[in-house]
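J.: With chain R fixed as given, assemble chain G onto it according to the hints.
2 protein chains.
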Amino acid sequence: MRSKWWGWGDPDTRYPEQMLPRTLAYLESLGIRFTEPRDEPQPPALPPTALTETDREALAAVCEIGTGEEERLVHSLGKSYLDLLSAWKGELERVTDAVAYPRAAREVATLLRVAAAHGVAIVPFGGGTSVLGGVSPVRGVHYAALTVDLRRLNRVLEVDEDSGLVRVESGIAGPDLEAALADHGLTLGHYPQSFHFSTLGGWIATRSAGHASGTYGRMENLVQALTVITPAGEVKTTEAPARSTGPELKHLLLGSEGRLGIVVEAVIRAHPAPEVTAGRGFLLPSFPQALDRCRGMIRGGIRPATVRVSNTEETRALMASRGLKSQDAGSFVLLEFRGSAERVPEEMDRAIAHWTEGRVWDLGGEAASGWEEEYYRAPYLRDELLARGLFVETLETATSWSNLETLYGGVKEALEEAFRAGGTPGAVLCHLSHAYRDGASLYFTLLTTRTPGEERTQWEAVKTAATETLLDLGGTLSHHHGIGMDHRRWMEREHGPVGIRALRALKGALDPKGIMNPGKAWEDSI
Amino acid sequence: MRSKWWGWGDPDTRYPEQMLPRTLAYLESLGIRFTEPRDEPQPPALPPTALTETDREALAAVCEIGTGEEERLVHSLGKSYLDLLSAWKGELERVTDAVAYPRAAREVATLLRVAAAHGVAIVPFGGGTSVLGGVSPVRGVHYAALTVDLRRLNRVLEVDEDSGLVRVESGIAGPDLEAALADHGLTLGHYPQSFHFSTLGGWIATRSAGHASGTYGRMENLVQALTVITPAGEVKTTEAPARSTGPELKHLLLGSEGRLGIVVEAVIRAHPAPEVTAGRGFLLPSFPQALDRCRGMIRGGIRPATVRVSNTEETRALMASRGLKSQDAGSFVLLEFRGSAERVPEEMDRAIAHWTEGRVWDLGGEAASGWEEEYYRAPYLRDELLARGLFVETLETATSWSNLETLYGGVKEALEEAFRAGGTPGAVLCHLSHAYRDGASLYFTLLTTRTPGEERTQWEAVKTAATETLLDLGGTLSHHHGIGMDHRRWMEREHGPVGIRALRALKGALDPKGIMNPGKAWEDSI
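Top line first, the protein sequences correspond to chains R and G. Note that my numbering numbers the first sequence so that position 192 is 806, with each residue one more than the last. Note that my numbering numbers the second sequence so that position 186 is 800, with each residue one more than the last.
Watch out, some of these pointers could steer you wrong.
[Said to hold, decoys possible] In silico SDA-like pairs for lysine to any residue, Cα to Cα no more than 20 Å straight-line:
#1 G:K850 to R:M1105
#2 R:K703 to R:E650
#3 G:K850 to R:R1102
#4 G:K1127 to R:K850
#5 R:K850 to G:A758
#6 R:K1127 to G:A1119
#7 R:K1077 to R:L699
#8 G:K1127 to R:E650
#9 G:K850 to R:E1082
#10 R:K850 to G:A1119
#11 G:K1127 to G:A758
#12 R:K1127 to G:R1118
#13 R:K1127 to R:V728
#14 R:K939 to R:Y640
#15 R:K1077 to R:T1020
[What the hints assert, rightly or not] For the chain R half of the interface with chain G, some residues (derived, Cβ under 8 Å), not all of them:
#16 L779
#17 R781
#18 R821
#19 Q838
#20 A839
#21 V849
#22 T859
#23 L863
#24 L866
#25 E871
#26 R909
#27 H1095
#28 R1115
#29 A1116
To be clear, the hints were calculated from the coordinates, so they are not data collected in a lab. Note that CB positions come from ideal geometry on N, CA and C, so glycine has one too.
Chain R extracted, bound-state conformation (with noise of 0.2 Å):
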């Protein structure tokens, strides 16, 4: 399913009609301003495209190029707060030349070297859901830039049932995979918020992680060998369940945002579909005891698939929309188990057992009910609060268990620093996303007012202070939402000088003349 191009996915699908008030009501109660809410915004005007009639026809004896108005413009937006500030704002920073549709991994390889050739740069393109920026048609030193549609790449083309190895090609979205796995009993189990739109060739490039992690492990785990195509010609990975051949270039090219190449084709690792699927909510006094109990329990050897342990302000806003007295929660915590019938009740037994000692409400299963729904729908509530003026924006990060309140602390209070010293009050919504024996992600939502006409200054001073504080606390700079544009700048300082000098060196290799994705993930040179 296409996204709608100024805002998140489904045209026909909007956040609930009955939540809507009660959290605004919330928000409001944050100090929090809105304005009435806007219609949606209208096409705007787009500058012709700058490829050549002879390039167009270069690239169009490859596979299908487009160049209406209506496909460029869905093309040359992603879903970042910046993406989508310019969508209502009606400027778009960069518009795409055109759209080429490859049918076949060859049809990529022809493309990337009439592209090459003819000084044309590349960004690869599957669902188009990336909040930092990494589908904007950067031409960077190229005179135009051609945006790879991936989704007809789109066939699952072997199974090995005994193994759960499936070879699939890149462009397939999260539904389509997952209909298709489960024909044979299996599940890949990767769900980000994304997963109705995204692709695995997306997923892949930047490292996904779906919130049933605990079970079916992070994109990384979940691939076993690619194929890439990269200007240098192809990459083919070993499939191997294991090996130790030298460094493995498989974790080179996951995470690569379409610097390197175009993922064309994964084998990936899917589990046998879970027999069950059982949830459970508590309700605990505070946030720290929240994050210290889900510590416990990970180290102890429970391992739900999903784990959610919510900051005080994300309880309340949780239970607001609900319709639930909210002002004495502290923090909601979340399970859900999936497995194998005679398992799962096991492990929530355990789990049942671990959390509720001393002052804790279980709230059942029926707290949990639902819950799958209302994560795939938070994204049209941000299509709510941008149509009524505000600022919204998500990030997300992860440290050491031992520094995890520590990190929250600090990127809390530079983040609600950042709002005053703005001017617009804020509030700061947070959630334990991801648990790993050694650590845990922190996912952290701002909302404020937006300052007419200083939108970017706002966002640039927000974004800044956050990443700042990150950085210094010893928080990653993403845990799963990748680099892209936004977080470029910063990539330094989480590899290190020598470690970009590595990137760069990988990108010259493979990319000699530096036409894949430009502008996004790592600068290029100093």
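T.: Below, chain G without anything else, positioned relative to chain R:
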């Protein structure tokens, strides 16, 4: 503990005296011919060091530098068949020119700077247990080779019990590391066969796997972050439980076998020390049946720490060595669970129920007792066999479950054909050594009579036959031994020409003068 120079491990430990004659008798029953045991080799005369006095002084200003005969000898050989063969023949192909003993990461950095300036190759050395020539003092284009012994970099720097994270210097050996962790109720759970001698840095540099990987994971799962000194400077990867910040440099350095730099420090992920360990043995009618049963166990979600499934030849060798009648035995299966007192018995019950359907002998816990000691003693048997004129080599690979039996059959046949062609009867022992959700590893032990005067040619023929076959059949070049010198020629088949191009670019960026461990892992140019 330092290993003896001409063979495996502790000079005072031998393969158990009561088992040796039984094992020899079994091998004789397969048609393998022995000589009388030779006395252990005497240290050969070494060529003088090539290191100039000026350069020795420049290096000695950094840290202790040794050029004595004994220390040069023990640092010139690893534990590959070719290494030990050269020890028995008294003909060392290469001798290191000096040994450096840095005590701090900054000393390693200075050593690399001085070596690069003076044209000296660097050979990192941990426990020296490489079975593939990984520590061979190859000079490459340089005039001398300096072995850098990292065993004095052995401090535990920081323990974060809450997160199970431990910062350690890389030169620490297995037993010292586990002893330090045990003080905090933790374990790394990494038990390669070289455990008593090899070091954390060596495990990282080779992407090592230990027998308990089912519970604890491989080295790549156990390292959260690492610090590597490259000639271009330090790379220190972020401490994060997981991240999506571009290509993952950690996975470039893991397995880099000293070609890009020297691992000086790591943050490792420790587990709670197991409360209980429980083993069990089963006997199945045939190896294919046992492999399939093992697949069903893992796919069904039962994950022992250790799984070993032996082919018939190995099963009979194991039983013979214990003095048991073995003529009808098909496949011996060993399972071991490690973990909490609550979970281990539950999992063992599940495993027993799974394994004991049909024609299976449950040998009980007794059959598993002492297996770990035998595992650590097996390399001492190799010394006994080498002393008696045998060719003894091991090799290992991995593939998907659906391809496992085909790969096994093909490699076994290729080896038997190579023995036939060489005119010496031989035996191919094999076991599944590590099981993953999507596949498993196969570990082969090859035994035949050495062809005097033609040993190298004999090895080439056998090694080439096995390796070409396993690559043809979709196996990986190495599951946990690494590449070193012995596998290097096949690296391009494993990674493809574009993959090798990427590795060379990395090498050029991080080690511009090419001083790091020449001749290992991959060819530097065509």
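J.: Compare the structure with each hint and give your call.
T.: Evaluated hints:
1. Taken as a hint, the K850 of chain G and M1105 of chain R pair is honoured in the structure, with Cα atoms around 13 Å apart against an allowance of 20 Å.
2. Of the pairs offered as hints, the one joining K703 of chain R and E650 of chain R holds, with about 16 Å between alpha carbons and a cut-off of 20 Å not exceeded.
3. For the given pair, K850 of chain G sits about 19 Å from R1102 of chain R by alpha-carbon distance, which is consistent with the 20 Å threshold.
4. Under the criterion of a C-alpha separation no larger than 20 Å, the hint pairing K1127 of chain G with K850 of chain R is inconsistent with the structure, at around 29 Å.
5. Among the hinted pairs, K850 of chain R with A758 of chain G is inconsistent with the structure: their alpha-carbon atoms are about 37 Å apart, more than 20 Å.
6. In summary, the hint linking K1127 of chain R to A1119 of chain G is supported, as the alpha carbons are separated by about 15 Å, within the 20 Å threshold.
7. A hinted pair counts as satisfied when its Cα atoms are at most 20 Å apart, and K1077 of chain R with L699 of chain R qualifies at roughly 15 Å.
8. Of the pairs offered as hints, the one joining K1127 of chain G and E650 of chain R is violated, with about 65 Å between alpha carbons and a cut-off of 20 Å exceeded.
9. Only pairs whose Cα atoms come within 20 Å are accepted, and K850 of chain G paired with E1082 of chain R is accepted, the gap being roughly 19 Å.
10. Between the alpha carbons of K850 of chain R and A1119 of chain G the distance comes to roughly 18 Å, so the proposed pair stays at or under 20 Å and holds.
11. With a C-alpha separation of about 14 Å, the suggested pairing of K1127 of chain G with A758 of chain G holds against the 20 Å cut-off.
12. With a CA separation close to 18 Å, the supplied pair K1127 of chain R and R1118 of chain G stays within the 20 Å bound.
13. Proximity of K1127 of chain R to V728 of chain R is assessed by CA-CA distance (about 12 Å); at most 20 Å being required, the pair is judged to hold.
14. Our distance criterion of 20 Å between C-alpha atoms is met by K939 of chain R and Y640 of chain R, whose separation comes to about 11 Å.
15. Restraint check for K1077 of chain R and T1020 of chain R: the C-alpha separation of about 19 Å stays at or below 20 Å, so the hint holds.
16. This hint holds: L779 of chain R has a C-beta 5 Å from the nearest C-beta of chain G, less than the 8 Å allowed.
17. Violation of the interface hint for R781 of chain R is found here, the shortest Cβ-Cβ separation to chain G being roughly 11 Å, above the 8 Å cut-off.
18. At a threshold of 8 Å, the smallest CB-CB gap from R821 of chain R to chain G is about 4 Å, leaving the interface hint in force.
19. Proximity of Q838 of chain R to chain G holds as hinted, the smallest CB-CB distance being about 6 Å (cut-off 8 Å).
20. The beta carbon of A839 of chain R comes no nearer than 10 Å to any beta carbon in chain G, farther than 8 Å, and the hint placing it at the interface is violated.
21. The restraint placing V849 of chain R at the interface with chain G holds, with a minimum CB-CB distance near 5 Å, inside the 8 Å limit.
22. With its C-beta approaching chain G no nearer than about 5 Å, T859 of chain R sits inside the 8 Å limit, and its interface hint holds.
23. For L863 of chain R, the shortest C-beta to C-beta distance to chain G is roughly 5 Å, which falls under 8 Å, so the interface hint holds.
24. A hinted interface residue such as L866 of chain R counts as satisfied when its beta carbon comes closer than 8 Å to some beta carbon of chain G; here the least separation is about 4 Å, so the hint holds.
25. A cut of 8 Å between beta carbons decides the hint on E871 of chain R: the least distance to chain G is about 7 Å, and the hint holds.
26. Against a cut-off of 8 Å between C-beta atoms, the interface hint on R909 of chain R holds, since the closest Cβ of chain G lies about 7 Å away.
27. Of the supplied interface hints, the one on H1095 of chain R holds, with its beta-carbon coming within about 7 Å of a beta-carbon of chain G, less than 8 Å.
28. Of the supplied interface hints, the one on R1115 of chain R holds, with its beta-carbon coming within about 5 Å of a beta-carbon of chain G, less than 8 Å.
29. With its C-beta approaching chain G no nearer than about 5 Å, A1116 of chain R sits inside the 8 Å limit, and its interface hint holds.
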